[in-house]
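> Two chains, each in its own frame: build the complex with the hints.
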Amino acid sequence: MSDKNVQRLPAEELFQREIDALIAADHDPIPTGWRMSPRSVLTYIEGGTAVKGVEITPKYMGSRRLVEIAISTLVTDRALLLIGEPGTAKSWLSEHLAAAVNGDSTKVVQGTAGTTEEQIRYSWNYAMLIAKGPCPEAMVKSPVYRAMESGSIARIEEISRCASEVQDALISILSEKRLSVPELGLEVPAQKGFSVIATANTRDKGVNDMSAALKRRFNIVVLPTPSDMATEMDIVRTRVEQLSAGLDLNASQPKEDTVEKVVTIFRELRKGATLDGKQKLKPTSGVLSTAEAISLLANSMALAGSFGTGAIAAEDLAAALQGAVVKDEEKDKLAWKEYLENVMKKRGSEWLPLYRACRELNGT
Amino acid sequence: MSGPTFFGVRHLSPAAAYHLRKALDRARPELVLVEGPSDLNSQMEWLCHPDTQFPAAILAYTKTPPVRTVLWPFAVYSPEIQAILWAHEHGVECRFMDLPSSVFLALREAEEMSVGRDDPGAPYSNDNPDAPHSNNTPGASSEDGEEAGGTAVRVVPPYTEDLPQTTESVYERLEKITGEDHDTFWERDLEQAEDYQAASDVFGRELREASADDARRAAETTVREAYMKRQIQEAIDGGISPEKIFCVCGAFHVAGLEENAPLTDQELASLPTAGSAATLMPYSYYRLSSRSGYGAGNKAPAYFELLWEALNGGGLDQAPYLYLTRLAASHRNAGNLVSSAEVIEAVRLAGALAKMRGSRYPVLADLRDAAVTTMGHGQFSELALAAADTEIGTQIGSLPEGVSRTSVQEDFYRQLKELRLEKFRTAQLQRLDLDLREKLNVKSEAAAFADLRRSFFLHRLRVLKIQFAALLPSRQSGSNWGEYWDLRWTPEAEIQIVESALMGDTIQGAAAFALKERADSSSTIAEAAAIFQDAFLCGMPAAAQHALSVLQGLSVDAAALADVAETAQRLSLVVRYGDLRRFDPAPVVPLVEQLYLRACLTLEDACICDAQAAPAVTKAMDQLNALQLSLDFLAEDRWLDLLAEISDRDDLNTRCSGFAMAILLERGRADEALLAREVARRLSPGIPADLGAGWFEGLAAKNRRALIARLSLWRHLDDYLSSLDDEAFRRALVFLRRAFADFSPSEKNDIAEDLGEIWGVDPRQAAEALMNETTGAEQAVLESLSDFDFDDI
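Same order as they appear, the protein sequences are chains U and C.
Under the working numbering, the first residue of the first sequence is numbered 1, with each subsequent residue one higher.
Under the working numbering, the first residue of the second sequence is numbered 1, with each subsequent residue one higher.
This is chain C alone, in the form it adopts within the complex (with noise of 0.2 Å):
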């Protein structure tokens, strides 16, 4: 028979991609049409650009959110790339075949509605555990591979690894037989089979047959091809004779193809379709391959990579050089010892492991033994780096300039050049340290400030949740002008950009209408607070006017003490540092005031607490207290008449009290004698434990130094707890252990020190005692110590 040529293939093959261009050599056909998605043969021309390096994928994803993505990822190896490259080559016309981008996104839609996301057997279900949004990740859209979405999008439909039910029974059966996971399985007999294509073809028959149970992946598969036999018959109703159509698709859908009926009209109006736009993307193989969660039968990138060099270079048997080389490279360069006797035994062994196993070349499987035995000393964790390195690589693709981008994409890009952040644009982790000051000595405004600019746009980046930066905390506390950054490109980071693409058309007006968006929905002081910081962060004074004035309308509102001054302590940064960022703290100055105002205006009230809130209303204080002592505008007088009030009066809680005569003794408000009085007063017998004791535990959280020196302070507490009976000092233990928990042990020797001197112990003497063993008496005493029971305490 003379129909079209089908060519079944696994969708990240070297083998198949070796041969398919051998096949397309001698069949010469006039039309080439590839399992892809139909509506995107315009990304062929840039997937054929000389300046494209793969891996990289086309990118579809819907227009309205939530954004549903699907993806179809390409790396150099990959038959359709061959095919389109050969057609290209050639001059030989060349399309993709398979059901557009915006049937699969929207069947995807209907599946999740109808289905439920977890089922294992949905398409498209399978959600990646590494995304960061399941919505939109390959690994969401990769599951289709097998069964039934894109095949071509995943990569090998139906030999992905985290396939649904039913096939998953077929590969476990498999590696029943063979004693071998299935990607060993594959390329012992597939991608070394000699007659690839037979080969292929029966394994692909093969499995349909062993997974032909499951009734909805069966339907999906069959719409899929019926549409393919569809877009075959158009092509030879255009008048094409059958025999000059080639056709690259899945082994898994040749027997398909050839026995089912192309979709008619009527159902092909009847398919669902979803509005969206595709656009080309760098991938990496990092992502590519399953380690990172992907699941598709594609563990190795680099190492098929290198299969896919041996084939065009010398052939099969240049692979167990390549890959032992580059193993035992890679393993020196981490400054290990590697001599080339052990890299010729490791080849050695592993021809002899192929052999045990029947294979005509050691497989991946083999070579990784055999180089873990011979160089890693039998350990796989001392080789694990390297092997990491030689099989999977961190290569990442690129596209060239003017490729159909979102242009979101486009000004990401574009910044990344001005911005001279190119080069951290790699699939390895690097820092990044960012001087904010202004550079004094350089011609430009643009150069004085080059580093700010890129703090202004790394943080529009996190605002817009864009995971190509992170944030490290400040080495240096209290530094504002230094800021550190991790930077890291993945595929997934070029998806986010996609996806912020619905928000606007730059980095900026997205992060600005993202702002927007949180202002508007901030219900809490606090929150339009950190948003406001955002917007200064970023750099753009209209949000973080915005913000000001969404803060400004809750702040009416009652608002929690701890809220207005962490809100206060929040803005008063943007006043004291607003000018290392060109900002103008103008507006947020009244506003500071208002809230300062307030704070002092509630405080006295929150200090009527109970023990659990008093830590949240002792931190406002502090805060409070920090806020008053930077910005001088705020009037000290108040704050230090409020604190000596409450220092003062009886009925408050006792710890709030504490802690304001503390603030008070730390700027020099207080004097010793008005310290003994208190002292005296605050802890004189009678005055129950709690009390007492809250006191004091408010009192020690500041200053300790200027504590420890008043040797008087703890003559009185020595003479209160004397003063208490059992009862008491139990519960005032309570207090006081919380009260010295976080005392630094030189601290507490310090204290100790005080304590001797007032019970009259030398302390060269009491260093002696403690030096000598313990007695069995004592240790008697020691050991029943350990009995106490804290329990009803």
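So here's chain U without its partners, still in its complex pose (with noise of 0.2 Å):
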């Protein structure tokens, strides 16, 4: 079932040993239409000591306790929404929740602005529409309708992408617990176990703000930033590895060093001001998220891999800085130059080598 040609499991199957092992272990309690109990999902989700042999890898690197009251909101039946700047691993901890509660984390529903009420409700089959009327055969269910159906999680994501009158469509669903499709005059139950995993990014606040009725019918659990260095170099690490993994990518793993340098950039930039707090720096206005960082080691891992040494150099590293840091030309490009001027070029002779690669790019 597991095609090696696929570009990105999900992450019950990715995880599947994992999954196996916990459900084998288990001896505490399960909720209705869980796999495992409660604190296997914290395990599943925290990592730690092997169950039957089998190592867990942590998932989520952030405060167990935030994890804890994810996971007592879903035992409790609540809709759980996570909200976070983007890259703080919304979508991430979500589907692991889901994969780890129901082995299943694909019935997502993907917030856009063209998002429609039907994609949380159901739409047609129209060709059997028409041919044969209203049927169950010519409904076409949405993943959220399954969910219900089969008493599982659904996962929405970016919801404050949709439109209102497809969060409103949400309101019903989450206080009544039922879906009405009149065509059919059925009104479908949610079986036990049925809940929703929403994400949203605290950037897009105000494109479509969630309505207070809405937000009421969540639990809301908001993810920080990494909070120190050490944790932000081990995520970026970890997802780096797990990440080139699948990708074949020729190239060997970042050094070190090479991380550290690329957490701490992120880390000034977004903080607007370097670690030690002596210097102020002009903010960029890209996000910076962790998972910009890992997306950016892994893309100069594809450029050293098919164009350099397989080694990252610091001319791959510094392209792939320039595109992540500088956004919105001109004055993202006056802010990382004076980044480098100020404060990269006066790190040190270990610094230098992509202090220069950087500047060469930067057309300073």
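Simulated from the structure, these hints should not be mistaken for lab results.
These figures come from a predicted structure and were not determined experimentally.
A hint or two may mislead.
Dumping the calculated DMTMM-like pairs for lysine to aspartate or glutamate here, alpha-carbon to alpha-carbon at most 25 Å [to be verified]:
no. : chain 1 : residue 1 : chain 2 : residue 2
1   : U       : K52       : U       : E12
2   : C       : K355      : U       : D26
3   : U       : K331      : C       : E778
4   : C       : K299      : C       : D195
5   : U       : K346      : U       : E268
6   : U       : K215      : C       : E342
7   : U       : K271      : C       : E382
8   : C       : K355      : U       : E268
9   : U       : K331      : C       : E773
10  : U       : K192      : C       : E342
11  : C       : K355      : U       : D28
12  : U       : K215      : C       : E382
13  : U       : K177      : C       : E342
14  : C       : K355      : U       : D77
Listed next, the stretches of chain C that the computed footprint assigns to chain U, with coverage defined by at least 3 CB atoms under 8 Å from CB atoms of chain U [what the hints assert, rightly or not]:
no. : region
15  : 377-388
16  : 430-437
No residue lacks a Cβ here, since even glycine has one placed at the ideal position from N, Cα and C.
And the structure:
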């Protein structure tokens, strides 16, 4: 079933061994509709001691308490809303929660400006509708519909990007826990275990602000950006390893000091000050999230693997950094130039190659 | 075995208090011994008084300076209090059994001397960062709690957070194992324990074992335990059968009390003691919580009281409902929207969180996290205010009338009542606006000057450094009849009041003493004048008189001009506004005259100074000018002549001369012609840049509008500047920049218009030119200006 050529396997297939081991070792009570106990879900997310000889890798490296709150929310049948800056592992956490709880993280609705109410409820196969009239076979069920039927978890990504009528469609589902199909005279009750995990982006605030009515139906967990350098480096390293393993990049893993440099640059620009707090920096328009640091490193690995020596060189890193930092041409370019001249240049010989490569690319 | 019963507790633990009462009901002892200062049994009577409201504390203090204090705070859920109350209700004898407070105070003194205060391991040495005086705060004393000292004192001895190193590591290890902070651990595993006594017993013993490696602490603990053991022994010798004795002590001490031998007579005699007295004082939940630096493991007193209510009501399972509904109510009160549905969800979520951790009921951390998730939209900051309200609370205790107090405390409370300030004795900051003027529409004199008397009282507290009231800056300049105060009662303030007992028996007496001490030790007239002003504000003529005589003595000696001017200024306030405070200014007048005269005599010489000293001289000139203007008994002619002289002389600091000119101009004593002549003279070509520009700086320091209106002045300035060569111009720039630095934009604008007129630029054309976009060439010129290097001028 797991095809080697699939670009990205869903979490439950990627970590199937761990999930199976956890299920086998479980002896706490398991909520209806769940595949393992809440504590095992926690172990799955946070990683930890080997269960029956299987090492559980940590999936989310932030606060354990936040994960506990998220899981407890799902235990109480409440919908869960994960909020955070872009790249704070909201979707990542949501996918793994669904994978651990149901063994199925694929019931996803991607929220966009073009998402319609039908994608939350159900739509019709029009050919069949015209041929047979309204009948169950002609109905195309949405992921949420299917989750209700099977008593499992539906995921809604970027809920704040959806138009408000789409968000409103969720309200009745979350409060009544029923979905009516007037065409068929059907009332579909949600089975026990049904819940929704939605994610929303703080940067999108105000795009389609969520109504108070909808917000009230969610328990809200705010995911923070990694609190310290070490945590963030850990996250970046682990994720780059996982990511590149699936990509055949022909490049070696980034060295420790490369990761450190990238994370340092990102943290400083994000904060608008150097790590020691002694120097103020111009902010950039980009978010510079942890997720971007990860893809940046993967990106430079691809560059190094395809066009370079296979080890990430300063030039590869510089190219990737340029792309990540300079988004809004002039302003970012200036901020980046200032950073290069005022901070990086003065960091000593270790940073020198990177500084030179960056300066060249930034056209200064 | 049928020895005495030992009940190990955590010192501020509702569960301990609850189970302790149950245990007492079962045991029916004849004597209850409680860990607490054995020389202060008399305070128990007041603790049991029906009008006493907790939190309250026993405060023991040394009777000689420096004052050291040690504090035993109690909340209603303190097991000690419940033991004492139980004994009182059942007519059973109850006694404290720990070392006397006099020994604690003496030990602390010895510690400080031998160890140095910053040794973290030393009992009592932990300074409380918030505490106003390190010596006397509960923070310092409380430390004991954990280790040695008065366990009782602090809150929980072994369980405090700011423990010395050894125990710290124990707690750190504990936190590592459980993944939760130890307050939460305690609540989950002991507050909720089904068999509290057994759990607490095990915990105490384990803790003792784990932290047995600090020699000094161990020594003090041993002494305390031996002393307690001796108390128990004495009770047994007194004819009470051992099994009828019930001892309440920190769980940490149970093992020690079982094993150690009682203190011998010889050992007892060798304990140091300090002369001490004790009093009861109200305490506050805020102080009790570690938020204010208390660090004693009782972060959430209001929440713990809620647990206590729940235990005595329906059981601990009620606590989540109580907490969350109170939190919601408080959040609503602050103007936020909280639906009942959200509260219900919070209760469910808290339950699920507790289950994940395997505890019976949600603990505070679960409840709060649940509330944040459902009501706070994931942000604790939204709920922070309501959480502080619900967890810490603003409650402060109160004591019945007649409770044993120091006379100063009594005086303080009597005056609070008399002056109707009682409603300000709360933990919240409250604003008090006073109008010192006599109220004409009231009958009694007392009422007519009510606000004035309040002001006297508050100023006296200020002089005594009692942090009950803080004077705010006046909102309206020149309104001397208005005073604005921020009032807030804190346990520290109470301690400071007790401390002032050393200085007198009443607030007024103590303030007089404090002022006299300060006056006698003051060495400059400015200091003495400040003391005089304080005495004046306190409405204490005798003290003011004393300060004045000190001042007079000091003024004989030579004093700097700035000090003389400053002093004269302070005194003049008394002369001008003395009647507002019903103060007779007569004795001050001759002194002001004397100071004024002396200032006039020294001013001219003072003007021979360098650029650095010039600002101080001009400030003094300004003050003297104001002084002369406001007090008509000071000779005007002398002053104006002096100014004319200074303005005229060429050998003085030019800035001072310029300033004298400015004053003359302001007072209408310099006419157009004189100004024109002076400007021409001072700014004529050939005058060095620093002198010319310095003079202008002095001139521009005052009545700018008048200067701006005089076109000729600017023409002269313009001519003068044009006459300077590059080098001299650069030097002049420094002075001119400084002179114009504090002109407002509109003033600068007007000057620019003046100059425009001199140069023949039409203001409208100029405006138009300025509104146009800068061209590339102009931009380049402007850019080159930013490279201008000011370093060498």
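> Can you give the numbers of the hints that this structure goes against, from lowest to highest?
8, 16
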